[in-house]
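Here is what each chain is made of, one letter per residue.
There are 2 protein chains.
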Amino acid sequence: MPVGERVEIHDGIAKVTGKAVFTGDIKLPGMLYAKVLRSPHAHALIKNVDLSIARQLPGVKAAISFADIPQVPYNGCGAPDKELIHDQYILNDKVRFVGDGVAAVAAVDEETAAEALKQIKVEYEILPSVLTAEEALAEGAPCIHGGENNILTRIAFEDGNVEKGLAEADYVFEDRFITSKVTPASLEPCGVSVASFDSQGRLTVWTSTQMPFVVRGILARALNLPYGKIRVIKPFVGGGFGSRLGAISEPLCSLLSMITGKPVKLQFTREEAFIATETRHPVIFKLRTGMTKDGIFTAREMKAVVDTGAYATHGPFIAGIIGSWFSGTYRCSNVKYEGLAVYTNTVSAGAFRGYANPQVAFAVESQLDIIARKIGYDPVELRRKNYLKEGETWRFTGWPLECSVGLPSCLEEGMKRIRWGERSAPSSPSKKRGKGMAISMHCSGGRPRLNEVSSATIKLNEDGSANVYTGSTDMGQGSDTTLAQIAAEAMGIKYTDVIFSGGEDTDVNPFDIGTRASRQAYSGGHVVKKSGEIIRGRLLEHASRMLEAPANSLEIGSGEIWLKDNPAVRISVGDVSRYAQIRGGGQIVAAVSEEPPGNPPAYGAQFAEVEVDTKTGEVAVLQVVACHDVGRAINPTVVEGQIEGAIQQGVGYALLENLVIDKKTGRILNDNLLDYKMLTFPDMPQTDVCIIEAPSRTGPYGVKSVGESGLVPTAAAIANAIFDATGIRICELPITPEKILDALNLKE
Amino acid sequence: MPVGERVEIHDGIAKVTGKAVFTGDIKLPGMLYAKVLRSPHAHALIKNVDLSIARQLPGVKAAISFADIPQVPYNGCGAPDKELIHDQYILNDKVRFVGDGVAAVAAVDEETAAEALKQIKVEYEILPSVLTAEEALAEGAPCIHGGENNILTRIAFEDGNVEKGLAEADYVFEDRFITSKVTPASLEPCGVSVASFDSQGRLTVWTSTQMPFVVRGILARALNLPYGKIRVIKPFVGGGFGSRLGAISEPLCSLLSMITGKPVKLQFTREEAFIATETRHPVIFKLRTGMTKDGIFTAREMKAVVDTGAYATHGPFIAGIIGSWFSGTYRCSNVKYEGLAVYTNTVSAGAFRGYANPQVAFAVESQLDIIARKIGYDPVELRRKNYLKEGETWRFTGWPLECSVGLPSCLEEGMKRIRWGERSAPSSPSKKRGKGMAISMHCSGGRPRLNEVSSATIKLNEDGSANVYTGSTDMGQGSDTTLAQIAAEAMGIKYTDVIFSGGEDTDVNPFDIGTRASRQAYSGGHVVKKSGEIIRGRLLEHASRMLEAPANSLEIGSGEIWLKDNPAVRISVGDVSRYAQIRGGGQIVAAVSEEPPGNPPAYGAQFAEVEVDTKTGEVAVLQVVACHDVGRAINPTVVEGQIEGAIQQGVGYALLENLVIDKKTGRILNDNLLDYKMLTFPDMPQTDVCIIEAPSRTGPYGVKSVGESGLVPTAAAIANAIFDATGIRICELPITPEKILDALNLKE
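So the protein lines, in turn, are chains A and B. Numbered according to my numbering, the first sequence spans residues 3 to 750. Numbered according to my numbering, the second sequence spans residues 3 to 750.
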């Protein structure tokens, strides 16, 4: 039974032996090395770029600025299923954040390229800049993209009547929450590609991406090439988390290859990844919530201001989806939402694990804690009263909820494991301990608002092994392992007999929208299962002929087929495959491309215990109990890995991570792993991951999702635990010792 | 209309610009170079191989003989659809021809490998050898593979009663014909591969092959690896002609990679390709033919002795198929055949363009010329009386002939073009001119006796271009071009929008038995067309929704879809493809794997005019008129190229080519391109290729075949022309000046 097993991770050996080839490892004959000159100014017009000296350096094969290339606007997120604001250029005559590209060179080695950058003279006309959403919205603020203001999207809706609901409430709560600008800082720095434009006019791009087909689409637009002339190859990816959803270094790298006729590598440094690749969106939330004394919502209102940074990319969708996350989790007849997305002169925000749900959960779950304590309810009990039940309409999809809500089990198991209601003794008198919790509800893909097409093709070999090709991209999260298990299960063969390829090559692998929205197990798994079942059906047909028994009298598993009534009569899948190929008229093959049938939410309840040092303000997270309903854990090790990794990011989000932007210059001051504080192994809290399986009716083998959900409730659970310990409420991330000390002082 | 057009050859630019990567061009990091120590003896036992000095040479990573490796018998032809005689070993303790492998080394460079070979000491026990089929059959001949004699196959059948038929004949003809041992000598020497056995136990082999899936199967057996652990990649191939049908250098190369843990290249020299890779089978024919004075066969009998060389490989099938070629072309109620395949101590024979049909045609068509002249019929007329008509049973398949016999048109057109019946004046008094002709009938694949599975998968891109993957291997003959045209036609898109991959990678491309038996246009074309039509159907369904018109009111072509009644209303295939992918729920994909419905014969009539110098015996071929019914010429340039290339080999077969084996030592004396005489460009006769199209009912767009047929009748047509010029009949190939002078002298 490959599904449910802790099988060996598909790419495990390659990674631990160092054999895995990442984009940065690729070296093509005659390959050039590119580097980008970046703006030191947050906002400026480029009056002139003098490339003459750079171009004369021996070994420099190209040096370009905006003046040398066609100005084709594109959007780096490139979602083909959306109306996009195209406001980015490979190089433009205006820079909009510190780190924005000004010029680029390609040279025979990195040293020469670096030297050439130094020889470029740029004349800037510096413009006033805005570094926060509030500044951007201020009257008379400088406009980053022309137009009248810096607002790129305004989204609003109201269901029911919020004012009436608030009037009917026993209690009305008004709170403001602010989330920070954080960056994924994957092990493999974001922004690395190799491009080779060949003599037949075909462009091949190796790139570390989550969405090879989307990258192809962006390149087609930005470079004015037909899709068929572009091939995107995805080597191993060292962590994506959303940051590799679209084009990063690819358009510039490709253009330099087209100009020079040589292969070109463009690999951002760690510092460039910090200052010039996408972050999570900072959001300012205002919440108004009406509640009865029985703990029932009468009205819920959210206003969100989303800072998209210098370019639109995902900004409009983030402004929209915040309303869905907000309104989706709890039942309430009167709901109102307004979201604004605004430009600032900071590096663009983009997709980052959770796609605004962590921000929303921090606000909503923090406020719910405030409410529970105020009206005298246990926080768990208050959530139990209000979470959405089976059959109710989930505002995220507009569809009735599937009858597989695992939240009650998550809550029950979590309370037990954290010893909810008990307070343990602190390690010293100046320290205080407390417990907090929060819940999450996350999507499994984006239906119906997003295109959820996945595809799989399978061909069976003579020994009963199978080549499985999907467009589903593994970026380190383990989808290759998960989907190979589903393939094996569906076909009835061994996991080790699946030769799996996930989204490695746009020429070879069938289309998939890409890895986003926690979709691969559900959506990728759907087509893999369906195509695997076609293979299984064909196997049984042929075996029926070979064994002279009706197909429905046969059983298949682990690469063998036998008579249900007489298991001694058996035949190997390899024998059947050979028979089909040689005597039965054809190789057993299948190809499926479609959307999955639904979008079942995955649930989570996280419980945190903290100890706050009231002298220093430091918070130690003693333990995190994470109970997640994933529908079905195809591979528990992969699921646990996803949740543990998410907790690492969630704790960092709660307490440590933050891009510190210099208010004067707009520069990111902590653009390196020494100054940007992330949890490393010794910093990790004790984590207790509990997998709850409330199988989805529509997911392959009951699967929902797990890719993002583990991070969604963490920050709020910790904030709530800090309140439980200290009685202080921090409404702005990260919850630093300074903020705690300030609040403690204020309280005293 | 892509079908029928002289479109740009698929791999043309890559080849003429030198960008095409052949196996010999591949260089992997850390790659070792292998070399083989070959036997100087035609037949010997190996008593000892001392590798100790070779192994100690710096840079030598492996040195092996039979004693170091498991002895797993295999058959290098590896046909999975046949019962095979497994009598080959990667290295064995017996050598059976001069050039047989004795030991092998892998070293850091070629020089070190060559030096290591010199340091190997071999102790042989020399055995008596047999170099011809007649010697091999003689009483008391040494047995090459043990057993009682050197016969590996005896095949016999009789339809009707030949003795009765002969008794009823007005004339009985008894003749003996002998064909030579020739080698294809492709531009890229046969025997080159690179193998890499990786840390995960997976073997990747790059090799110049016609049948990547068959090579995989042989490696699975010879190396005891599951199919799923082997990946065979076919780079560009520099000519196959049958010589690359199975395993050549791959098993040894792979074994050396498995032993050393490093990538290994094994590339035969031109001389090694001559002495150690497969040749055409020499055959000795005895014919007895009964005929009425009205020119009707009463009986036909053939006895054939096939010299398979040192190993079985294709020998048994050649002995069998000769009976089919012999009995297939002409109508006769009484037919008898006996075929023997025998071992000799010469390099193995294998598949070579025509697969024994050129040998049979030389015998049968030469004898028919003898008969025509004897009984006073025009040779064309005699063939017209006897060739198989539509609906009659073709003994090759056992099926009734398709109603598409293009032979009459071939004959008519050929007679016109050669000015049949007219004799032109010789260029000097000592020279004589004459004309001769012969016909051919060849298969389009091997149904029903061979597995004819081909497969295609197609996926449509957002711009209306399509990735087409088949298992059909292009070895330079042009099948990639032909199949890409069929794909474009079937889908309704432009040829230039097809991104085609034919049999390049066993992991990626779906199964195909390989390129043999002139099958790719018919069998590969069948699945490409069928999968393309699935794509077209899906396109029309989606377009019907988009244009709000019934699918059957729409027309498609050149990447556009329009209303039949109102062509101004149109939409691009790219738009429909995007719609399907993003809004219509899935990428448009198709996967088909099956056998084609039939096996229509391709016909040819070739007419040659020669001038024989009676002083020197030299023959000048003045012109060859080649009229070939190919069913449908998907690309006339490809078809003409195939026929012209075949004529080059056919004229060489008739007059020049022959591996001269030293009677004492068994060595091939002309193992290089200086001494082995092949036609080069200036030697080519004037050729007049005429394509006849009698469309097959079962072939895609009417296709039959052309890969081999152009070579089948050439030697006989030239022999018959020589008779017409001189009155002498040479029954043994090649027809050298010596043989002609001897015969002229004898005649005088």
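No lab work stands behind these hints, which were simulated from the structure alone. Since this is a predicted model, take the numbers as computed values, not measurements. A couple of the hints might just be wrong.
As the list claims (entries may be wrong) - Label-pair distances were calculated between CB atoms; the ranges are:
(1) A/G539 <-> B/P402: 33 to 39 Å
(2) A/T19 <-> B/S54: 29 to 35 Å
(3) A/E112 <-> B/E125: 54 to 60 Å
(4) A/Q202 <-> B/P739: 20 to 26 Å
(5) A/R699 <-> B/E557: 39 to 45 Å
(6) B/S560 <-> A/P402: 43 to 49 Å
(7) B/A116 <-> A/D70: 48 to 54 Å
(8) B/S560 <-> A/R204: 18 to 24 Å
(9) B/E113 <-> A/E112: 31 to 37 Å
(10) B/A116 <-> A/P569: 55 to 61 Å
(11) A/R699 <-> B/D83: 50 to 56 Å
(12) A/P638 <-> B/A22: 47 to 53 Å
(13) A/R204 <-> B/E125: 41 to 47 Å
(14) B/D677 <-> A/D70: 55 to 61 Å
As the list claims (entries may be wrong) - Residues from chain A that keep clear of chain B, each with C-beta distances beyond 10 Å, as calculated:
(15) K21
(16) P130
(17) L139
(18) A140
(19) N151
(20) G219
(21) K391
(22) G466
(23) N554
(24) A593
(25) G643
(26) N660
Yeah, the Cβ is synthetic: ideal placement off N, Cα and C, and Gly gets one too.
Each hint tested on the structure:
| no. | hint | result |
| --- | --- | --- |
| 1 | A/G539 <-> B/P402: 33 to 39 Å | 35 Å, holds |
| 2 | A/T19 <-> B/S54: 29 to 35 Å | 33 Å, holds |
| 3 | A/E112 <-> B/E125: 54 to 60 Å | 58 Å, holds |
| 4 | A/Q202 <-> B/P739: 20 to 26 Å | 48 Å, violated |
| 5 | A/R699 <-> B/E557: 39 to 45 Å | 43 Å, holds |
| 6 | B/S560 <-> A/P402: 43 to 49 Å | 47 Å, holds |
| 7 | B/A116 <-> A/D70: 48 to 54 Å | 52 Å, holds |
| 8 | B/S560 <-> A/R204: 18 to 24 Å | 21 Å, holds |
| 9 | B/E113 <-> A/E112: 31 to 37 Å | 34 Å, holds |
| 10 | B/A116 <-> A/P569: 55 to 61 Å | 58 Å, holds |
| 11 | A/R699 <-> B/D83: 50 to 56 Å | 45 Å, violated |
| 12 | A/P638 <-> B/A22: 47 to 53 Å | 49 Å, holds |
| 13 | A/R204 <-> B/E125: 41 to 47 Å | 56 Å, violated |
| 14 | B/D677 <-> A/D70: 55 to 61 Å | 59 Å, holds |
| 15 | K21 | 5 Å, violated |
| 16 | P130 | 41 Å, holds |
| 17 | L139 | 34 Å, holds |
| 18 | A140 | 39 Å, holds |
| 19 | N151 | 32 Å, holds |
| 20 | G219 | 7 Å, violated |
| 21 | K391 | 30 Å, holds |
| 22 | G466 | 8 Å, violated |
| 23 | N554 | 25 Å, holds |
| 24 | A593 | 4 Å, violated |
| 25 | G643 | 21 Å, holds |
| 26 | N660 | 37 Å, holds |
When the structure is compared with the earlier hints, violations turn up for hints 4, 11, 13, 15, 20, 22, 24 and for no others.
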